[in-house]
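Visitor: Protein chains in written order, with the UniProt record's numbering: chain A, 1 to 420; chain B, 1 to 420; chain C, 1 to 420; chain D, 1 to 420.
One thing to keep in mind: the hints can contain errors.
Pairs involving identical chains hold if they fit within one copy or between any two copies, as the list cannot separate such chains.
Said to hold, decoys possible - With a straight-line cut-off of 25 Å between C-alpha atoms, the simulated SDA-like cross-links for lysine to any residue are:
{"hint": "1", "residue 1": "LYS286", "residue 2": "LEU263"}
{"hint": "2", "residue 1": "LYS286", "residue 2": "ARG330"}
{"hint": "3", "residue 1": "LYS143", "residue 2": "GLU96"}
{"hint": "4", "residue 1": "LYS286", "residue 2": "SER308"}
{"hint": "5", "residue 1": "LYS286", "residue 2": "ILE118"}
{"hint": "6", "residue 1": "LYS286", "residue 2": "GLU17"}
{"hint": "7", "residue 1": "LYS286", "residue 2": "SER376"}
{"hint": "8", "residue 1": "LYS143", "residue 2": "VAL156"}
{"hint": "9", "residue 1": "LYS143", "residue 2": "GLU259"}
{"hint": "10", "residue 1": "LYS143", "residue 2": "LEU375"}
{"hint": "11", "residue 1": "LYS143", "residue 2": "ARG18"}
Just so you know, the hints here were simulated from the structure itself, not pulled from any lab data.
The lines below spell out each chain.
There are 4 protein chains.
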Amino acid sequence: MGDNVNNPDASLAEAGERRIEWALRSMPVLRALGARFAETRPLDGLRIAACLHVTAETAVAVGVLRVGGAELALAASNPLSTQNDVAAALRSYGMEVHARAGVDRDTYYRHIHQALDIAPDIVLDDGCDLVNTLHTERTELLKGVTGGCEETTTGVIRLRQMAAEHALRFPVVAVNDTRTKRMFDNRYGTGQSTLDGVIRATNTLLAGRTVVIAGFGYCGRGVAERARGHGARVVVTEIDPVKALDASLQGYEVRTMAEAAPLGDLFITVTGNRDVIRAEHFIEMKDGAILANAGHFDIEIDVRALESLAEEVHLGVRPYTDEYLLPDSRRLLLLAEGRLVNLTAAEGHPAAVMDMSFSAQALAVAWLAEERVRLSPGVYDVPGEIDAEVARLKLAATGVSIDTLTPVQADYLRSWRFGS
Amino acid sequence: MGDNVNNPDASLAEAGERRIEWALRSMPVLRALGARFAETRPLDGLRIAACLHVTAETAVAVGVLRVGGAELALAASNPLSTQNDVAAALRSYGMEVHARAGVDRDTYYRHIHQALDIAPDIVLDDGCDLVNTLHTERTELLKGVTGGCEETTTGVIRLRQMAAEHALRFPVVAVNDTRTKRMFDNRYGTGQSTLDGVIRATNTLLAGRTVVIAGFGYCGRGVAERARGHGARVVVTEIDPVKALDASLQGYEVRTMAEAAPLGDLFITVTGNRDVIRAEHFIEMKDGAILANAGHFDIEIDVRALESLAEEVHLGVRPYTDEYLLPDSRRLLLLAEGRLVNLTAAEGHPAAVMDMSFSAQALAVAWLAEERVRLSPGVYDVPGEIDAEVARLKLAATGVSIDTLTPVQADYLRSWRFGS
Amino acid sequence: MGDNVNNPDASLAEAGERRIEWALRSMPVLRALGARFAETRPLDGLRIAACLHVTAETAVAVGVLRVGGAELALAASNPLSTQNDVAAALRSYGMEVHARAGVDRDTYYRHIHQALDIAPDIVLDDGCDLVNTLHTERTELLKGVTGGCEETTTGVIRLRQMAAEHALRFPVVAVNDTRTKRMFDNRYGTGQSTLDGVIRATNTLLAGRTVVIAGFGYCGRGVAERARGHGARVVVTEIDPVKALDASLQGYEVRTMAEAAPLGDLFITVTGNRDVIRAEHFIEMKDGAILANAGHFDIEIDVRALESLAEEVHLGVRPYTDEYLLPDSRRLLLLAEGRLVNLTAAEGHPAAVMDMSFSAQALAVAWLAEERVRLSPGVYDVPGEIDAEVARLKLAATGVSIDTLTPVQADYLRSWRFGS
Amino acid sequence: MGDNVNNPDASLAEAGERRIEWALRSMPVLRALGARFAETRPLDGLRIAACLHVTAETAVAVGVLRVGGAELALAASNPLSTQNDVAAALRSYGMEVHARAGVDRDTYYRHIHQALDIAPDIVLDDGCDLVNTLHTERTELLKGVTGGCEETTTGVIRLRQMAAEHALRFPVVAVNDTRTKRMFDNRYGTGQSTLDGVIRATNTLLAGRTVVIAGFGYCGRGVAERARGHGARVVVTEIDPVKALDASLQGYEVRTMAEAAPLGDLFITVTGNRDVIRAEHFIEMKDGAILANAGHFDIEIDVRALESLAEEVHLGVRPYTDEYLLPDSRRLLLLAEGRLVNLTAAEGHPAAVMDMSFSAQALAVAWLAEERVRLSPGVYDVPGEIDAEVARLKLAATGVSIDTLTPVQADYLRSWRFGS
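One chain only, chain A, in its complex shape (with noise of 0.2 Å):
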């Protein structure tokens, strides 16, 4: 049996419907786009399997696609992202849900199996493993299967592969990869919510202080951004020239991880590489020193050897803080065993920014249900236009109003465009 009905629990569902509230309040684009999709109902008869983190803000989301006319069945894309509460709410407004916090890998699958029996026309994705099962386990669905959305960045390396290899049997739009997600998502909202993860942990004041932020994405620019907005003296590591000098150019310090080791207050590490920060740095580090992570996995600080290093560990002595003990006496301390600060030790990214990912997912998913009957296989890029769509929703919802072209303007660019 799944998930789905085992929580009759009113009241769970109760703390779930507020906090989906809570997050309703600041997502005004996909607010809007629900009073859009209410009308136009340009998903009308679909059937959609998706797994996704299930938490509040994916509860709005998949709230939107179904008054947009889609019958929906979610899986969770990650066990320990579940919250059950919006779980519960959703079922109590007769959604099919299948995700419970903390559950095994085989209940993990089960779950997306049985979302899977929706017999999706189309699917949204999270990772890939949803569109993986379809194509390993389930291929009988795959005949009825006309499109699917992917939201991040290895997902969508997953599908480019089996595009490569001609395994992929369906339209696929490459939702992770507009501006709206990269400008906006991780620039605004893992800036904050990192630093956000660190003071709750730690209470530690960042004015004065030397913050080392591994990475300059656009990730690390909006981490690099914060740090500094609070006061601190920043420091960048880089593995990539043209991102080292835009940051050193933008005022920030470049350094080697070797060099900012005995530097550092604070090490934000956000690359997607792993062992960023090692054994021959944790040495050369001030006693005090506070590690966090704020990449998508916990290998960018080399846990590991801060173990075999440490002579003594004590947990937990800050919520979300380790300290290890080293056999000199100095101190580190690792936020959220080095797990992503901002989703452990705070609430991960605010409303207001999911509302752009999910709103650029929620149209993604209305042009594949217009054009996926055009479509061949292969993985798609999100149409321009929907970028700009999410942003002047945006704008729209926050009172802010942008020029237009004139028309002697729009002839004059018309003109230069094409040369003439």
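Please arrange chains B, C and D on chain A, whose structure you already have, making use of the hints.
Guide: Only chains B, C and D this time, still in chain A's reference frame:
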């Protein structure tokens, strides 16, 4: 009976100990003073009655006074801020502590009397209640008291009144008025912790939001800097034209509250005045506007007027967040019931800033111990050298070296200063 | 006769030499490439016809090509930007230079023809005039030309047109489209030099003033950052909702020009479009508002409309500053007649940023020299490795080290990229 | 004969008039005071002898005093800063002006005597030379002098000396010590104009460069903010631990000059002390390091030591830029011979900040005119209300409204202040 012996709970004391240990890590100046005091014993044989917030940071501070030779009795200066576990830990160290979270007014004053029973040579006060009790109800002890310190603006004002009326019977140092406290504690401590409180309560994204800050003193400036550092558009309101002009020249928009009311997504009061946001402002605000206070008293936002305006109040839509539903269905969100949002929804000033304020206090007590015989009753400024010493120790603790004058430079400054 | 032999003025050449020397100091990447090219001689025996701005920075760049083995003939890409002293210095070094400040259109084209007389193997262009002349009037030379580089957006567009019509007869590298140029030259070069131009022209205080910036591309972002860095309140106008949203999330106010017109103390256009500030905006502006353009062409501010509105025009109330007196006696101040304020009232991009753009060009020429036999006619992107190499050399020149991947990390990234 | 009648040059006067007109545009507070003074005539019948920098901004200021009813005689307070065209314009308006650029010491003092010949009721001084002359060589005039104002720190110190020795014969207001001057003139005026001077002299790119700022007073803070605003990495040196700590908590790196010497690309001294950068520092600097001074005197950089170290000196490699070639062939670049770089290579403080300083002076003169009969000889602070009034007028001029206290708030503050 007092609360000094009421808590034999060992596990509570242990939790308090961990908290104190944690604070101690970020208080290198007090640690340095502790080492110095242990050697020089500047307070040898002195009895001190102290009325202070009973928190981990205070525990570190009074610990330094004890290693300096003082015998201490501690009462709480505010029943709401008392950390029971810290009180328990202090008792387990053998200190006399009269404090328990949430006690009523009678118990509060009984605790002060119990602390005074030590028959103090020196008193430490935070709001002037202990000094006041001493001058009105415990006058038999006055002849033994040779000096005092006061931590707060409010207390200093009351003392100045007393001095003006020739009622003050011993010299008191206005620890509140140091540059160390104003420049660092108010600006950096309040700045970070206020926004921390707002984010913990709401998880709202600050980037791109309009934050209205009422008051541009040291605290307001600190909050404005951090709000800008989060990517917000900051609007400042002021009544002092010089401060308003300064805010304007720092690139902030300056407006009246009437003008700012319809613009703000988040309002933060930090003025020291009352009714800064009133009915006439609430009715102009956007749906979803958030109201928070970072001023000492909970009268800066006119909560009673808000209650009168509201059709419904939904308490606790998020932790520390109450929703006021206006007749036209706009919703205003009040954080922490209008109390200090940084102490209520977050953890107050980071230990690193309290380190500086309390170190100034410790040095002031030592100075008083030495000078009190030469001082007549009255209110005294902290000697400038104490500020310099605190800053010097703090810089040393963070590994920062600064320049010293060459003999030629010292001569030049001297000659210049004296006009030759 | 050309201008190559017309200036035997030794003192002019000396002044030019000093200017080139000065630029050279801030161009360490070109210096490093010069040393490398002197050894490897990647351009040995090649004849290059170049049509570029004849400035000190260009002189350094073409010097590198010469030590790489090339024989060069240089014509000016714009008669207004030619520095006669630099031209004289280049001639004194034995280079063929056809350029003189302020020549008419006929002479301008004659100079291009004279440069083409070298019978080039490779051509360098800045705006496509030389390539165009080659394809229309000097077709006899086409068979000898094996490749080209183009520096500007405009030129690249013209080339893409030609390629689309199968008219382009050799491969051309779009040097303009490098990350190095967009991220660094546009953002940091334009940012600093634009405000430099405004301040030199007006000596106005920017702190506390409202600066309206039209356009939030790379250049606009750079100008916005510098304006904010001067303490100004920055208002951004845009037509692209994604850029507008980005500006908003960075804390800038976003408005329409109609809304911004009455707010601004200083207006800076940097859009690439025409008539961005028009009659309808002028009439709403404050007395004393300053108007400046940082876009390529002088059509972003509708100067003709301003002239029509004005009752009187007072030219040169300050250097590069003309006053337009409106009928209601408000005064608008137009800088540099609406031309590029950073080139007119200041000195254009600092050499340190031109260093990166021209280094990308030099590496592109070397790449072209090697690859041209394998390339069919068409427009080619600069290989990503060239950007990385420029950034690497720049970092090295400024003493910045960055991390390199460990073998384990390289494996990890590879495996991840390829999905295993 | 004086210089008052020596310049009948009408075109010179016209140029000066244009300059004054330009300054007037950015001086709305003085304009407002002018209008008020024209009506109230607070200086009616008073004779004023003034010794001030003869610049366009001063011309506006003395104009206000004249419309207020004063008769003025003006001498230059520094022969280097005199703008001859402004002097000519003032004469053409009928004012007595004794000033010419570049005069020798004897003429300088003769001019002061000539100004004193007016037999002043009130004196205005900038450095105390006029007041000094009055007390030593023109004692016959002392009985008529009923008050004075002093603009500079140096002058105030000399006056305090005189007062201490009971030598000062009339009350003097220390206009220098207003919040208006320190907070605005020093911070925003010096901040912008210093970097303006450096950029005009060198056209160097500041983004990504390391700027070492010696001194973190109001001026140093202003320069640091602008340097950071240009994208530089800022290093601060200080001798005062409190200022050093403040710099550190604002995220600046704090170091000794010995530590900073090898790091800096640009050094700016603004300490008020001498020999801040010395031989021991020069020899550690990078090739190409730029040296500039923003302090009052040209002794902050030890230029003589630099000359001794240098093998060759190349004057004027750029305007206001001299190159010192060290034996190991490193090149150091000294701007403006170590004089105030903002006055030498740029145009000094923008008129908008002088507007505030001079308005404080004008109000101080009016206050003096009213109060002088009640004041005994001595040095007086500017009444706080004058600061407030200047700020109020400045805000009004820029269209900014601020809040006023409600009666309830005023009561609350009063009661709070008096402790009830």
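Visitor: Now, for every hint given, state plainly whether the structure supports it.
Guide: Cross-check of the supplied hints:
1. LYS286 / LEU263: both (7 Å within a copy, 23 Å between copies)
2. LYS286 / ARG330: Within one copy, since 7 Å is at most 25 Å while 36 Å is not.
3. LYS143 / GLU96: For LYS143 and GLU96, the Cα distance is within 25 Å only inside one copy (23 Å; across copies 69 Å).
4. LYS286 / SER308: The answer is within: 18 Å in one copy meets 25 Å, while 42 Å across copies does not.
5. LYS286 / ILE118: Close neither inside one copy (55 Å) nor across copies (42 Å); limit 25 Å.
6. LYS286 / GLU17: Between copies, since 24 Å is at most 25 Å while 46 Å is not.
7. LYS286 / SER376: neither (56 Å within a copy, 47 Å between copies)
8. LYS143 / VAL156: within (21 Å within a copy, 45 Å between copies)
9. LYS143 / GLU259: neither (56 Å within a copy, 54 Å between copies)
10. LYS143 / LEU375: Intra 15 Å, inter 44 Å, cutoff 25 Å: intra-copy only.
11. LYS143 / ARG18: neither (39 Å within a copy, 61 Å between copies)
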